[in-house]
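Spelled out from the first residue to the last, the chains are:
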Amino acid sequence: MSKVPLISIVDDDALARDGISELVESLGYRAVTFSAAEYFLRSDVIAETTCLITDMQMPGLNGLELQEALQSLGHQTPAVVITAYPNEKHRTRALENGAVGYLSKPFDEQMLIECLTVAIKLQSSQLWRRTPC
Amino acid sequence: MTIVWTTVLGIGFFGDPSFPITDRVLGAQAAILVVSLSAYVLAALFAERRDSAAHLTRSYTMLKRERDNKLMNAQAIVAAVAHEVRQPLTRITTGGNAAQRFLKMIPPAHDKAQAALDGIVSAGHRASEVIDGFRALFAKSDQRQQLMDVNEIIRGALESMSSELEDHHIEPRAELMSELPNVYGNKSQLQEVVSNILANAIEAMAATSDRNRVLRVRTELRDRKAVAVLVQDSGPGIDKDRLDGIFTAFVSTKPHGMGLGLAISRMIIDYHGGKLTALSDGKDGASFEFVLPIAPIERMFDASTSGEDDTIR
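Top to bottom, those sequences are chains A and B.
Residue numbering for the first sequence follows the numbering used here, starting at 1 and increasing by one per position.
Residue numbering for the second sequence follows the numbering used here, starting at 1 and increasing by one per position.
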């Protein structure tokens, strides 16, 4: 994997989406954004996505449902779930679904950077461990 | 008749064989009547006591519920503020961090840093608008009343939501009546109503994939005394049996909504002497309509004094 990792960002809030995509680009990764889970699922970047950053509360499919939809399609894309309504139940389910992180907005950039590093390692080694960052 | 009364007062009289048999039967009947009547009265008295005891319990439960509701309201308000402020905060922290990195790059990516900084500035403004909006709703201090052009409020709201409309491929169609008379009231509150209703419509359509997404906004003059605003979406609509409840606090049309937007909106429109209603057949979208009285000049003086009584608490 010599290509620059592609990070897909799904968030219905334009402000959060733009901010996260800038941060991802400033880290030297490529970023692509979607305003709804359905748009991401219909896109042609799923297979290429190194890590998915998804918001939890969205109209249509929420972050957990997106994770589950990806799995049912046979994708093992590592995901970071972010939320403005942190909730222990969601956190547990997200991590059980294999999320590399569950962060509440506004999150510490360093946390996201670590999550992305873990996700990229996971993807490149094809070694799927459930060790949240 | 005398026999009846003596029977009532002196029990056993109807057993006296010196009276004719018809009188004795009558006497017995009277006695039975008196006993059953008094039993009835006593029963009624007891029932009333029981009722008042039940009434007390009920009022107590109601008071308790009201107190719990107040707590819930406070929690809900805090949650709503937190949610609304966390989005721009996320924009600010991530954008700030990104800008630092763009500037540290060799060579520095000035354009990207500039874009990130612009984003930070507008996110800061949005956070402040959120606070202003909540203040306008809950603080008594911001009760400034003024003449307003409803069309202008709608244009402003549509413009500030243009990125959301674009994101969800929604086509806005505004038919705003020209030379619409002004209405009189609190501008930030009416802006809140318009953006609540528009946001609701956008969210309703964002969840659909099988139909055209059209947001119709129309203004018109009604009977030359009121301004009507009609917002129509092409979403999945609202079921008839849920339609009545949507203006109640904590009843949401959305899977993750707080259920505060429409309740607050109705409160604001009521306060302005208008009416907010919703219509839907549960299939082809929903329409929300609010009507506001137009502002005759004398109303300016009226509203500034009498309006205080109906202040939203």
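In short, the hints are calculated from the structure, not lab data.
Hints may contain errors.
To be verified - The calculated DSS-like cross-link candidates involving lysine-lysine, where the alpha carbons are at most 30 Å apart (straight line), are:
#, chain 1, residue 1, chain 2, residue 2
1, B, K275, A, K121
2, B, K240, B, K275
3, B, K104, A, K3
4, A, K3, B, K112
5, A, K89, A, K3
6, B, K275, B, K225
7, B, K240, A, K121
Since the structure is predicted, the reported quantities are computational estimates derived from the model, not experimental observations.
Can you list which hints this structure breaks, lowest number first?
1, 5 and 7
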